[in-house]
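Colleague: Protein chains in written order, with our numbering: chain A, 856 to 1103; chain B, 6 to 391.
A hint or two may mislead.
As the list claims (entries may be wrong) - Below, in silico cross-link-like pairs of lysine-lysine (DSS-like), each with a Cα-Cα straight-line distance of 25 Å or less:
| hint | chain 1 | residue 1 | chain 2 | residue 2 |
| --- | --- | --- | --- | --- |
| 1 | A | Lys1076 | A | Lys1038 |
| 2 | A | Lys965 | A | Lys978 |
| 3 | A | Lys1038 | A | Lys1025 |
| 4 | A | Lys1076 | A | Lys978 |
| 5 | A | Lys1011 | A | Lys990 |
| 6 | A | Lys1093 | A | Lys1081 |
| 7 | A | Lys991 | B | Lys16 |
| 8 | A | Lys969 | A | Lys990 |
| 9 | A | Lys978 | B | Lys303 |
| 10 | B | Lys303 | A | Lys1011 |
| 11 | B | Lys20 | A | Lys990 |
| 12 | A | Lys969 | B | Lys16 |
| 13 | B | Lys16 | A | Lys965 |
| 14 | A | Lys969 | A | Lys1038 |
| 15 | A | Lys862 | A | Lys1025 |
| 16 | A | Lys1076 | A | Lys862 |
| 17 | B | Lys20 | A | Lys991 |
| 18 | A | Lys990 | A | Lys978 |
| 19 | B | Lys303 | A | Lys965 |
| 20 | A | Lys991 | A | Lys978 |
| 21 | A | Lys1025 | A | Lys978 |
| 22 | B | Lys20 | A | Lys969 |
FYI, nobody ran anything at the bench for these hints, they're computed from the structure.
Keep in mind the model is a prediction, meaning the values are calculated, not measured.
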Amino acid sequence: MSESAIKITNLTKRFDDITALDNLNLEIAWGELFGILGPNGAGKSTTVNILNTLLEPTEGSATVDGHDVGFDPEGVREVIGVCPQEPAFYPHLTGRENIILMGDMHLVPKDVLKERLNTMVEKIEMEDHIDRRAKKYSGGMIRRVSMLMALISDPKIALLDEPTVAMDPKSRRAVWDFIRELKERGKTVILTTHYMEEAQELCDRVAIIDEGSLIEIGSPKELMQKHQAKNLEEVFLKLTGKKLREAI
Amino acid sequence: MNRRRILALTKKNLKMMTREPAVLFMLIIFPLAMTFVFGLAFGGIGGGGTTSFDVGLLNQDVTSPQAEWSQAFANNLTSSEVFVIHHFDDNVTGQDALLQGNLDAFIVIPEGFGVSIESYYGSPFDPSAWDNSTIGLYVDSGSMMAVSAVPPLVQEALLKSIFGEDAMAMGLPVDIGSPALVESSTLTQWDFMAPGIFAFAAIFMTMIVAQSMTVERDEGLLRRLRTTPASSADYMLGHTFSYMIIAVVQVTLVLAASYMIGYRPQTGIAGIGFTFVISLAFSLVSVGFGLISATLSKSAETSTGISFAFIMPQLFFGTFMPLGGGMEVFANFMPSKHITNAIATLFLRGAPITATVIWVELAIVSLVGVLLIAVGIILFGRQGTR
């Protein structure tokens, strides 16, 4: 096992003349629940998409469990589970079939896959719907199934990009409990979110990114103390001059 | 590459296809419906009747010392129960009969026909020493069946006259099926059309592949799969195998439907088996065209239109539509024409599966299929996941 779960060094990503990430440096420890916060266009999804090997860095490097995303993307994909911002699923398959497909891609043993799926489905309260075609799901159900698709392989590192967007409060709480349990089991979780209370509630540390640059990093408590703020949203406002919700 | 991943992706594709009514219709119901409609309309049951062709024959070489060759050719034409031969004494009368629709075709054996053949046997390896001559073949362009069927039958009778019964075993570069064709006696129009239905069924896979891949790309499913350990090869093979399975189902259903309405191909189990093999090869062509269409398409909607740019030429030039002149040359560039030719050689002409021509056609279809898949993978890999 490498020293840190994720190490980002001088990472820069440009799309033509737009700089989405500018010399980003981050190190995330094993077992950490790490939040990446920032308004739309800040570079959160670009960071996640480089870590999940969908994008290649323009400059700098990133390693996931010691595997360089540019030189060893196959190694990276073996250890990550990705819940994308836009939930991608096969509408004509059932929720169960979508999740099993991802388990098959990760070669999870069949018996383990079945047992794990049943346990996870119960935890996110989808027992009554998991065998329905996914096209009939509500937005919240799709989000939950999408998260199980990411986590069915029991990855060492979970990359969750806005996993609770469009969820009702009850479902969101269920997902929070699920994420906490991942942390308790020693998994490393990278969470991007627009919800400050979510980051404050769940994350060990957060990084605030704006216009592609890291502007602050630390635990929610440290940041609130440092900036004499009542909550993370206030910290964000003080640092960026932007209201996060308005930026969505 | 991993077998479990490929199998999982294949199963996923098959489930997606069978659960989408529009896809199921295009891949299964539509070919079946076409088989029933055309089979009943043009087959024996539907009153299509037995096909025979009224052919006029003018033998201008009848008085030459080598007249036995032209006589043998005339006999071979006559012995075919497909042709009803009407002898003419002059060209004008024959041409008139053709123009008036009394004949399906008019053949003129030229003076010097026998000399030509004897000159060939005198120096078989020296074409400069041959006395060339040309048989005049005039076909009623208003008869779809005559245009399709008469020229190869005449050509076959000619070869049989020159080389005898073993003409097919000589490996000549002549596009022809089997001597058995000349002896066929109960052909209906459907017999000529049926081989084209197999290509017809599989051609529409191109549209489904293009649509499904464009949707997977646009909905982020490809990107999601790319974050897993599954490789591009797993993904592409998953797609290819699922469409190969669909091809097998199509052939089975079209064959079964044809049998139900009385169609009996002039081949045995081996020929039927070969039909599955060449249909599998043709499914590669369809998947390849589908991949290319998906690459060129900006959305699932446009993919349908773009895929038709590949579908229509194959449909019109490579299935059961009548062709003539330059169109025949153009059709040779259509993979569907080659699968139709191979199946026609088996089903219509009753050639054995050892006949060189069907293996050549299989090789062409397979080679084109593999090339198209390779090009499709490269193009789709470059642009398809955008």
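Colleague: Tell me, in ascending order, the numbers of any earlier hints that this structure violates.
Modeller: 4, 5, 9, 10, 15 and 19
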